[in-house]
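> Next come the chains, spelled out residue by residue.
2 protein chains.
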Amino acid sequence: RYFHFCKLPGRVMGIRLLRFTSVVIIVLLLVAGALTALLPNIKDDKMPNLRREPKTQSQSALDSFTLIMQTYNRTDLLLKLLNHYQAIPHLHKVIVVWNNIGEKIPEEMWNSLGPHPVPVVFKVQTVNRMRNRLQSFPELETKAVLMMDDDTLVSAHDLAFAFSVWQQFPEHIVGFVPRKHISTPSGVYSYGSFELQNPGFGNGDQYSMVLIGAAFFHSGYLEDFQRLPEAVYALIDETQNCDDIAMNFLVAKHTGKPSGVFVKPVDIRNLEKDTNSGYSGMWHRAEHLLQRSYCVNKLVNIFDGMPLKYSNIMISQFGFPNYANHKNKM
Amino acid sequence: RYFHFCKLPGRVMGIRLLRFTSVVIIVLLLVAGALTALLPNIKDDKMPNLRREPKTQSQSALDSFTLIMQTYNRTDLLLKLLNHYQAIPHLHKVIVVWNNIGEKIPEEMWNSLGPHPVPVVFKVQTVNRMRNRLQSFPELETKAVLMMDDDTLVSAHDLAFAFSVWQQFPEHIVGFVPRKHISTPSGVYSYGSFELQNPGFGNGDQYSMVLIGAAFFHSGYLEDFQRLPEAVYALIDETQNCDDIAMNFLVAKHTGKPSGVFVKPVDIRNLEKDTNSGYSGMWHRAEHLLQRSYCVNKLVNIFDGMPLKYSNIMISQFGFPNYANHKNKM
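Listed in order, the protein sequences are those of chains C and L. All letters in the first sequence, in the order written, are residues 1 to 330 by full-length UniProt numbering. All letters in the second sequence, in the order written, are residues 1 to 330 by full-length UniProt numbering.
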């Protein structure tokens with residue numbers, strides 16, 4: 001009835017057009033409705049979207065990790081540790097960062113003692129730098145990185161558990177060595193461990209860093225590390241130290257939360273004294289800790305603020321080695 | 001120069017209009033830019049949006065909790081515990097669920113011994129039901145609930161720490177008593193603790209429930225509890241048991257994750273033997289544990305599946321009572 005005003009020859013055309021338009025609109029609405037119903041349920045799942053990358057990785061890339069171990073002047077320890085670490089559950093590959101400049105990698109010997117559980121890649125370096133281990137290696141296929149110092153032995157149980165914890169906290173550095181900074185009235189920061197005063201947030205101690213020499217973290221942070229200000233690289237190169245503090249600054253700034261999650265290890269050992277090389281790690285240098293306090297203050301300048309946050313969460317594995325670890329005298 | 005084509009009398013008008021339009025557009029862009037700069041930084045903050053409610057709560061509603069303590073036939077213990085719990089940091093209010101039907105609440109005595117640090121409300125019940133404590137009390141103003149049995153003493157340090165943990169895991173039941181279910185080849189589930197076999201996911205034990213008799217959880221779950229199928233209430237009333245198992249089912253189903261986060265208490269005590277009433281808790285009944293296994297299987301039917309998930313995360317407070325709790329023999 002309401003078409004009567006269209007007295008133009010196109011009146012019939014008008015009705016057809018109207019019908020056609022209505023059909024198109026209805027079809028579009030149905031399609032939109034179907035699409036909405038098909039939208040995936042956005043849950044707050046384990047893997048926050050750190051990078052907007054296409055999900056082309058295989059399942060193993062999420063369920064396994066890559067061990068990155070930098071080595072200098074302790075090949076005997078390296079080989080001892082490789083025998084242990086190559087058999088850790090969920091290990092995908094090992095990347096050895098070879099800081100022994102000019103020295104041949106033990107590839108022949110390694111191959112002659114094959115087969116090995118996983119591929120081991122020796123990355124020959126041209127300069128002996130502490131931050132060599134923080135490159136974005138093309139061989140890295142997994143989301144998770146396990147970074148270990150070449151003198152640290154952590155049990156398979158501890159690593160398997162810590163990896164499962166990382167999968168629940170993938171944006172954090174999940175590891176076995178907690179450290180902290182403290183603020184002093186002068187505004188100058190100091191770096192240390194339990195020997196320093198508690199930061200004063202209620203009872204007990206706090207930590208604000210987890211060292212990357214025995215920790216899991218997301219491989220995306222290696223890419224982020226390449227985009228830091230030059231001053232950070234200069235600082236790390238100047239001190240041959242503090243790359244781990246820089247990583248904690250990076251992660252804390254990125255997340256706005258404490259950078260690390262501390263997992264209390266059941267069995268962690270330092271094998272330094274076992275080396276035949278006579279070389280002991282950098283942390284024995286007299287100025288080591290003072291350097292790290294120095295680094296904290298320099299990084300606060302570079303980052304234009306102190307991004308590190310405190311945490312007092314300590315995670316252990318329920319009922320391991322046995323249920324006594326949670327027994328209560330109720 | 002490009003205005004020359006406008007030979008209409010409105011040419012001057014055209015220029016003015018163009019200028020005006022340009023100014024309006026520029027102003028709008030500036031305003032949009034300013035608004036964008038002023039937008040709050042959406043961080044993945046502590047409080048996930050469990051309910052789409054307007055943020056009218058005061059700051060204290062987020063930073064404090066309400067203690068809900070149900071009591072039956074142990075008023076001497078109740079009063080002892082109230083003296084302790086009324087002074088816990090971050091406590092907003094106490095709600096005592098009075099299951100002593102027909103008996104007067106000790107309000108006179110309570111008031112005569114004032115003032116008290118926080119308000120204490122006695123909710124008189126008409127029927128002695130286990131699930132009375134799981135009502136959505138109008139007096140409840142905080143997001144967090146601390147639920148405690150009337151015979152359990154947990155230290156202030158433990159509670160303060162567990163509350164801070166709950167604030168980081170607000171969708172979980174964060175508490176001190178872990179339990180688990182296990183699956184048997186027949187498909188029948190069993191309920192228990194460390195004495196049962198490990199569920200078999202790698203090393204160590206797992207838990208799939210955290211009991212609400214000593215735990216923090218989100219007050220929203222009390223509202224959710226009111227919307228369960230009638231069969232759940234019938235089960236709880238039939239057994240006078242299992243309300244906590246039902247809550248774990250509810251939370252696990254809601255989150256799709258393990259319902260609880262276990263915080264290992266430093267000092268938790270059962271004061272049962274200290275009561276003069278001669279009444280000992282329900283858990284001493286011979287059929288108590290068998291009932292709970294029975295409840296697990298009934299709830300699986302009602303929930304149409306087993307929603308409980310396992311966790312082996314055990315949380316402790318870093319460096320409390322002292323740093324020895326994380327010392328490593330490195």
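Errors might be hidden in some of the hints.
A short list of chain L residues far from chain C (calculated; beta carbon distances all over 12 angstroms) [claimed, not checked]: (1) T75; (2) N111; (3) F137; (4) R227; (5) N301; (6) I315.
Capping the alpha-carbon separation at 30 angstroms, the derived lysine-lysine pairs in DSBU-like fashion look like this [claimed, not checked]: (7) K327(C) <-> K327(L); (8) K309(C) <-> K327(L); (9) K257(C) <-> K253(L); (10) K257(C) <-> K309(L).
I should point out that these hints are in silico values taken from the structure, not numbers from a laboratory. Computed from a predicted model, the values in this text were never measured in an experiment. All C-beta atoms in this analysis are idealised placements derived from N, C-alpha and C, irrespective of residue type, glycine included.
> Is the claim that F137(L) lies outside the interface with chain C correct, judged by CB distances over 12 angstroms?
28 angstroms, holds
> Would you check the hint for K327(C) and K327(L), treating anything up to 30 angstroms between C-alpha atoms as holding?
20 angstroms, holds
> Verify the proposed pairing of K257(C) with K253(L), using a straight-line Cα cut of 30 angstroms.
OK: K257(C) and K253(L) at ~28 angstroms, within 30 angstroms.
> According to the definition I'm using, a residue is off the interface if its beta carbon is farther than 12 angstroms from all beta carbons of the partner; does I315(L) meet that for chain C?
6 angstroms, violated
> Minimum Cβ separation between N111(L) and chain C greater than 12 angstroms?
Consistent with the label, N111(L) stays out of reach of chain C, its closest Cβ about 32 angstroms off (over 12 angstroms).
> Take a quick look at R227(L) and tell me if its Cβ sits farther than 12 angstroms from every Cβ on chain C, holds or violated.
20 angstroms, holds
> Taking 12 angstroms as the cut and beta carbons as the points, is T75(L) off the interface with chain C?
It holds; T75(L) is separated from chain C by about 22 angstroms at its closest Cβ, greater than 12 angstroms.
> Does the structure keep K257(C) and K309(L) at a Cα separation of 30 angstroms or less?
27 angstroms, holds
> Below or equal to 30 angstroms on CA atoms is what counts here, so check K309(C) against K327(L).
22 angstroms, holds
> Confirm or reject: N301(L) is not an interface residue toward chain C, with every Cβ-Cβ distance exceeding 12 angstroms.
25 angstroms, holds
Checked against the numbered hints above, the structure violates only hint 6.
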